[in-house]
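Undergrad: From first to last, the protein sequence lines are chains A and B. Going by our numbering, the first residue of the first sequence is number 1, and it counts up by one from there. Going by our numbering, the first residue of the second sequence is number 1, and it counts up by one from there.
Hints listed in this document are in silico derivations from the structure and should not be mistaken for laboratory results. Keep in mind that a hint or two might mislead.
Stated by the list, open to error - In silico DSSO-like cross-links for lysine-lysine, where the CA-CA straight-line distance does not exceed 27 Å:
#1 A/K78 x B/K409
#2 A/K78 x B/K93
#3 A/K254 x B/K254
#4 B/K93 x B/K254
Protein chains: 2
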Amino acid sequence: MAEIPYKIYLSENEIPHAWHNVRAVMKDKPEPFLNPETFKPSTRDELCNVFCEELVDQELNVTDEYIEIPEEIRSFYKMYRPAPIVRAYNLEKLLDTPAHIYYKFEGNNTSGSHKLNSAAAQIYYAKKQGLTSVTTETGAGQWGTALSMACAYYGLDLTVYMVKGSAELKPHRKAVMQTYGADVIHSPSDTTEVGRKILEQFPGTSGSLGCAISEAIETALKTPNCKYVLGSVLNHVLMHQSIIGLEAKTALDKYGVQPDIVIGCAGGGSNLGGLISPYMADKIRGKNDIEFIAVEPASCPSLTRGFYEFDYGDTGRTTPLMKMYTLGHGFIPASNHAGGLRYHGMNTTLSKLYHDGYMTAKSYVQTDIFDAAVQFARCEGTLPAPESSHAIRAAIDEALKCKETGETKTILFGLTGTGYFDMTAYTNFLNKNMGDYIPTDDDLKKGYDSLPKIQ
Amino acid sequence: MAEIPYKIYLSENEIPHAWHNVRAVMKDKPEPFLNPETFKPSTRDELCNVFCEELVDQELNVTDEYIEIPEEIRSFYKMYRPAPIVRAYNLEKLLDTPAHIYYKFEGNNTSGSHKLNSAAAQIYYAKKQGLTSVTTETGAGQWGTALSMACAYYGLDLTVYMVKGSAELKPHRKAVMQTYGADVIHSPSDTTEVGRKILEQFPGTSGSLGCAISEAIETALKTPNCKYVLGSVLNHVLMHQSIIGLEAKTALDKYGVQPDIVIGCAGGGSNLGGLISPYMADKIRGKNDIEFIAVEPASCPSLTRGFYEFDYGDTGRTTPLMKMYTLGHGFIPASNHAGGLRYHGMNTTLSKLYHDGYMTAKSYVQTDIFDAAVQFARCEGTLPAPESSHAIRAAIDEALKCKETGETKTILFGLTGTGYFDMTAYTNFLNKNMGDYIPTDDDLKKGYDSLPKIQ
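Bound conformation, chain A alone:
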């Protein structure tokens, strides 16, 4: 076998021609979405009120394992893909571990993250359907940036509701979206009913993804020729992100490398779901025994401390009900520098896989995360996003376990993005001016009480 280089790049024609839909392989499927009034499964027509038709079809598709990627989307992908697999030789050396560490790096594009993979797909389908504009929400700003790039490329208008706390921490992230032509509004805002209501109830709130989603949906519903698009949580988004896992597996297979552990950060779940997708299918088929680890912030621990229940996807209760691990849509997560992980719920497919024992989860406080981030930046060069650094933290800990036991495990993690727009957070960390927040049982109880009562 050839020596493994620092970076494994595929060639352009090795960019996958189809996405992978892990639900097709699952014996027990995730529960379908429910209409919150009738408690019956949401119909295609109901979903098409809010979302693009082709995306709804993908959302409802639990039978086709592969769905072809249109050539127009592959052309977009060619601007920044394939994304490399990196062997973390320097990190291994620093930790003095027998483990082999690999990461799939999705940050080498202007959006700075994997979000572009789904943005390109969604805006292509929106255009194909004849829409002229879309709305969305953004937390850390990576999804909003990705979408503004896709809208500039395909020629659609875009309104982004950006979580206020993130917008204030990252004015430059907002400026990038504006450079690509997007209209960026701080959420909660007075442009929507739900925003006005939340502002009235919680005047000082720094906002949340759940709230921004409600505002974006409300605006899409009242704007002609406009739909709402979402950067995570939904199954079609997770499927678009399977390109991460497909490329990772193709690249590693070339060198005969099979991971023992696959790690991803988990907010809404799309990056983690995309990374593990083909490997998980093999596990379900009994072909491997990989340990999958979801890593989340201790301040927003939907998998590790949440409830597997039907819940709304947003604070404003405008979405269908989804059976998922959730802290309750009424749970307002504490301010945290990993804005992209501040979400009360979790994708239904991942929730089901977790519930059925196919993967594990763990959580960390943010100072532990930034400690890993700085260590990684200094030895591997790349300055990671706070979200991605959750995966780094867990990978380092697994590698240190190997050091103790002497095992040569192969660890693969997803480095979803760069932290160039998170320098306020880094500065706070370096100045020891960063707090850690863990919700109390009472906080969780309040979230639980917000869950809808299914009849």
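Chain A is fixed; fit chain B onto it per the hints.
TA: For chain B alone, kept in the frame of chain A given last:
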């Protein structure tokens, strides 16, 4: 011939094993540096007072065309190289031009630019010599970031004098350097004699590269076991950057592509010099007739309006005298968002080649630059640095000329870096809050009068 992909990546073992030293090929060499007191050529010993020994040897080497890259530096390069050649298919389509446009993209690393190529080399040699710290200056912040990454990797301490105007425009750039462990000081500062003098003379000044260089040299001279390192201007830096041109040529040769025009932005000259190096050698040998174009800001036009004279490299008159195109070390360039191009002089090799007619130069005002930058970002995805956007502007103009004449010229330009830390500038441009400044003949006269009188 195979169809040309969007991105041409070389494999890891195709990273060059030697740098290219174009001076070895030049029939008329650039003039040697002069001691400003004796007006005799600077000796190796004199230069070693300020610079690392091995770098001085490279600086003085005008005979060896190739200089081997040590394995320890190639290991560092492997973290972020090879850097791709990109075919600007989307830009060509947007411009509706018959021209073929390629760019060598050096921004896919945390420093955000090509500067890392020389930073790695210089810090490796500093460590080899047994130094424990280095000092430097930075304008746009790209060089300082690159150097802080190299110092973190090789384990040296670093003090960065950052041009005050840039530091205030880009606090996040400063935070990246601090994350990598650097000590960042705004220049002019009160930590040096020259800084205090300039502050006294020009209390409101936003600083300049020339002034920051003086401060960094002064500090290096008074600190034990410490030398000064420089990110551009000098010939050894230009030689380290030849890796850009060598990779570009190797990649394009694979597809039988020979550029008709090669374009680079020019501040101190290292990126441009590195990009053109192997192509220029062939031109000198009569093997091609490429048009080389240096692009500079109209506010700091050293090639297009400067004088080919001996001058100091810094405002504080601490460097040797260099025969170069210069606006005079006393010229203080107007504030401009391309901080990396605010330098009064130009590398001596490029100056000589320009003087001897081997290349041409042009200048643009900054609103024209940002206009090209936004256009490029929206169609090619990557958000460019203001410095790099000078090359984009010229490439677009050349492509538009081809549209008029119907010629299918092949244009190669250097996209040296990303603009993620330049969002204040982009915001100013989008808000039509950006001024253009062109020095008057009187301004130039004042600069000329500051030139040393050689006896």
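Undergrad: All hints are to be evaluated individually against the structure, with a verdict given for each.
TA: Here is what the structure says about each hint:
As the CA atoms of A/K78 and B/K409 are separated by approximately 24 Å, the hinted pair is consistent with the 27 Å bound. With a C-alpha separation of about 15 Å, the suggested pair A/K78 and B/K93 falls inside the 27 Å cut-off, and the hint holds. Between A/K254 and B/K254 the CA atoms are separated by roughly 23 Å; this keeps the pair inside 27 Å, and the hint holds. With a C-alpha separation of about 24 Å, the suggested pairing of B/K93 with B/K254 holds against the 27 Å cut-off.
Figure legend: structure checked against the earlier numbered hints; every hint is met.
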